[in-house]
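Single-letter residue listing:
Protein chains: 2
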Amino acid sequence: MKIVTLKEIKEILGKIDSIKEIEKGFVEYSNGNVVVPPVGEMIFKDPPGDVHIKYGYIKEDRFFVVKIASGFYENINFGLPNNSGLMLLFTQKTGELLCILLDEGHLTNIRTAAAGAVVACYLAPKKVNRIGIFGTGVQGKLQLEYLKSFVKCNEVIVWGRSQQRLDLYKEEMKTFDFNIETTLNAEDVTSTCNFIVTCTPSTSPLINSDQVMKGTHITAVGSDTPEKQELDAKILQKADRVVVDSISQVLSRGESFHALEMGLITEEDLIELGNVIQNKKLQRASDDEITVADLTGVAVQDLQIAKAVWGKIC
Amino acid sequence: MKIVTLKEIKEILGKIDSIKEIEKGFVEYSNGNVVVPPVGEMIFKDPPGDVHIKYGYIKEDRFFVVKIASGFYENINFGLPNNSGLMLLFTQKTGELLCILLDEGHLTNIRTAAAGAVVACYLAPKKVNRIGIFGTGVQGKLQLEYLKSFVKCNEVIVWGRSQQRLDLYKEEMKTFDFNIETTLNAEDVTSTCNFIVTCTPSTSPLINSDQVMKGTHITAVGSDTPEKQELDAKILQKADRVVVDSISQVLSRGESFHALEMGLITEEDLIELGNVIQNKKLQRASDDEITVADLTGVAVQDLQIAKAVWGKIC
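Listed in order, the protein sequences are those of chains A and B.
Going by the numbering used here, the first residue of the first sequence is number 1, and it counts up by one from there.
Going by the numbering used here, the first residue of the second sequence is number 1001, and it counts up by one from there.
Bound-form chain A, shown alone (with noise of 0.2 angstroms):
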């Protein structure tokens, strides 16, 4: 059994191809290949926090993954990061433990930014004229990050809620090729990117269904609860293509769980992104057209960049 620190971590991710391994396991988990029991979920009142148990296996495959996350967002107030967690590898034949990926969360942040990749590789606009990202913690970072090889745009623009956190961000972020403009009000965002990505713990709307321009894509990230959300439930049904990650898990959290909570879609409008990914009549069709993806996070992205992991190590 081997356990593995945060610096050998990224010292492998930077052999592996992530966003290739998450897209398989897109793929498989649409397929119906894999097996993904409900996440189990621990929620924190004072201070808030939340921890999720994603676990799961490829069927006839060697591996089953446990993966436990948290986000406590009052953290930052400690000096503690706000999100944490690990990875558990075991062997499928006989319940061993292989390794411990002691990733503090990091695996978890890598393989969301992955899926945005994946989601932006078949929904985005041909000509993207302006990036928005919503929120400016790691996952508003390396949501921009990843998308670096998929969307030709080097101009974007940050809304965050404190100037402090946007000026960070905009530092920090300088070491890339990007044009970045922040913002306190995400209208300046909506009315002037196509391509929209939405990284926070939000639990109320932070784009109205009206702000929406025709021809524009949003990603939404940050909702992996019930009580989370980040986008008004009614851009979703005047969206043209609602993409998700797992339908069995949006019934229950995520944008769409609003959505369909109120009525204002049904099952049979989500489309899921292993689909989307192997069937072109999916994907977006025209540069008119209002996509949203919907990621709450799926087993199967924790069990393929665990897989790839260890795969190095091995």
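Hints in this document: simulated from the structure, not taken from any laboratory.
Any given hint could be a false lead.
Listed next, the stretches of chain B that the computed footprint assigns to chain A, with coverage defined by at least 3 CB atoms under 8 angstroms from CB atoms of chain A [unchecked claim]:
no., segment
1, 1036 to 1048
2, 1061 to 1068
3, 1072 to 1083
4, 1096 to 1102
The list that follows gives simulated cross-link-like pairs (lysine-lysine, DSS-like), each with its CA atoms no further than 30 angstroms apart [stated by the list, open to error]:
no., chain 1, residue 1, chain 2, residue 2
5, B, LYS1002, A, LYS2
6, A, LYS45, B, LYS1024
7, A, LYS7, B, LYS1093
8, A, LYS312, B, LYS1045
9, A, LYS2, B, LYS1010
10, B, LYS1024, A, LYS10
11, B, LYS1007, A, LYS2
12, B, LYS1007, A, LYS93
13, B, LYS1002, A, LYS45
14, B, LYS1307, A, LYS45
15, B, LYS1093, A, LYS2
Taking CB as the label site, the calculated pair distances span [what the hints assert, rightly or not]:
no., chain 1, residue 1, chain 2, residue 2, range
16, A, GLY311, B, SER1248, 36 to 44 angstroms
17, B, ASP1210, A, ASP61, 45 to 53 angstroms
18, A, GLU60, B, ASN1077, 48 to 56 angstroms
19, A, LYS45, B, LEU1006, 30 to 38 angstroms
20, A, LYS45, B, LEU1251, 25 to 33 angstroms
21, A, GLU227, B, LEU1251, 25 to 33 angstroms
22, B, THR1005, A, GLU227, 36 to 44 angstroms
23, B, ASP1188, A, ILE247, 32 to 40 angstroms
24, A, SER252, B, GLU1171, 50 to 58 angstroms
25, A, GLU227, B, LEU1006, 35 to 43 angstroms
26, B, ASP1167, A, PRO226, 34 to 42 angstroms
27, A, GLY79, B, LEU1006, 49 to 57 angstroms
28, A, SER162, B, PRO1048, 50 to 58 angstroms
Think of the CB as a built atom: it goes at the ideal place given N, C-alpha and C, for glycine as much as any other residue.
Once you have looked at the hints, place chain B on chain A.
Same frame as chain A, now just chain B:
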């Protein structure tokens, strides 16, 4: 963050009153102070195995636990132990990982055996003539070992499917002060024992209802999935008291699950162990009673044992 090996855990266990810690946990649980979400489960068919993820926390406490435990019942053929697993202890305020207990399933075995001892405390007949054990595995041995202080009886009969394993059991248990007989015939146990513990992964009943004599207590610890079953469901109907570790859990797993599904008992017939501990009226009232304890294993046990180990190392 500390990583604790099985060897270290075994040393620490000598300094802990596991039974007392587990008893406290059941009390907290039945008093409604514990959050235990539904058990996470993966069932594998080829080779047969099950993985359980149990997790939870006591409100107003400092910790939460995530425990992964597996049973792969053909591992013995590969020279590997059937049971394995690990426990993870986190802080409730920040989600920080405090320690990884690489117990290889041992702490699950210990907290299960400790629960058996707690049950014996409150439900064993005053005079036990002979102790009957079903199962020759680790749990079959531990249950007997942990009963020592609570059941004043040295006469034991053990049932198993293989004479070789029965002989091994007898050999391994000879350091304890028990007079152990073995049998391949369940009737030999039920006709001579008024205190029986079943500790097998059986998926069909080992004891029939008409075999159970007046005054017998049975603790069933083997069934922790919807599939596993050690007792004829009619035994629960026949029993004067059916005590369970967790009412919400036995609605979908364990012995009670089968009896409930067949309509032989109702949820109202079930008494929770944490209440039995606190209320003399719920404990065995006479030597004529038939009592059954159905233990499916609750995360609060994992929490209690992990906390106790942590308390000796932090």
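So, going through the hints one by one against the coordinates:
{"no.": "1", "hint": "1036 to 1048", "result": "holds (count 7)"}
{"no.": "2", "hint": "1061 to 1068", "result": "holds (count 3)"}
{"no.": "3", "hint": "1072 to 1083", "result": "holds (count 4)"}
{"no.": "4", "hint": "1096 to 1102", "result": "holds (count 4)"}
{"no.": "5", "hint": "B:LYS1002 x A:LYS2", "result": "15 angstroms, holds"}
{"no.": "6", "hint": "A:LYS45 x B:LYS1024", "result": "24 angstroms, holds"}
{"no.": "7", "hint": "A:LYS7 x B:LYS1093", "result": "25 angstroms, holds"}
{"no.": "8", "hint": "A:LYS312 x B:LYS1045", "result": "29 angstroms, holds"}
{"no.": "9", "hint": "A:LYS2 x B:LYS1010", "result": "21 angstroms, holds"}
{"no.": "10", "hint": "B:LYS1024 x A:LYS10", "result": "42 angstroms, violated"}
{"no.": "11", "hint": "B:LYS1007 x A:LYS2", "result": "17 angstroms, holds"}
{"no.": "12", "hint": "B:LYS1007 x A:LYS93", "result": "25 angstroms, holds"}
{"no.": "13", "hint": "B:LYS1002 x A:LYS45", "result": "27 angstroms, holds"}
{"no.": "14", "hint": "B:LYS1307 x A:LYS45", "result": "22 angstroms, holds"}
{"no.": "15", "hint": "B:LYS1093 x A:LYS2", "result": "29 angstroms, holds"}
{"no.": "16", "hint": "A:GLY311 x B:SER1248: 36 to 44 angstroms", "result": "40 angstroms, holds"}
{"no.": "17", "hint": "B:ASP1210 x A:ASP61: 45 to 53 angstroms", "result": "46 angstroms, holds"}
{"no.": "18", "hint": "A:GLU60 x B:ASN1077: 48 to 56 angstroms", "result": "21 angstroms, violated"}
{"no.": "19", "hint": "A:LYS45 x B:LEU1006: 30 to 38 angstroms", "result": "36 angstroms, holds"}
{"no.": "20", "hint": "A:LYS45 x B:LEU1251: 25 to 33 angstroms", "result": "26 angstroms, holds"}
{"no.": "21", "hint": "A:GLU227 x B:LEU1251: 25 to 33 angstroms", "result": "26 angstroms, holds"}
{"no.": "22", "hint": "B:THR1005 x A:GLU227: 36 to 44 angstroms", "result": "39 angstroms, holds"}
{"no.": "23", "hint": "B:ASP1188 x A:ILE247: 32 to 40 angstroms", "result": "54 angstroms, violated"}
{"no.": "24", "hint": "A:SER252 x B:GLU1171: 50 to 58 angstroms", "result": "52 angstroms, holds"}
{"no.": "25", "hint": "A:GLU227 x B:LEU1006: 35 to 43 angstroms", "result": "39 angstroms, holds"}
{"no.": "26", "hint": "B:ASP1167 x A:PRO226: 34 to 42 angstroms", "result": "55 angstroms, violated"}
{"no.": "27", "hint": "A:GLY79 x B:LEU1006: 49 to 57 angstroms", "result": "34 angstroms, violated"}
{"no.": "28", "hint": "A:SER162 x B:PRO1048: 50 to 58 angstroms", "result": "54 angstroms, holds"}
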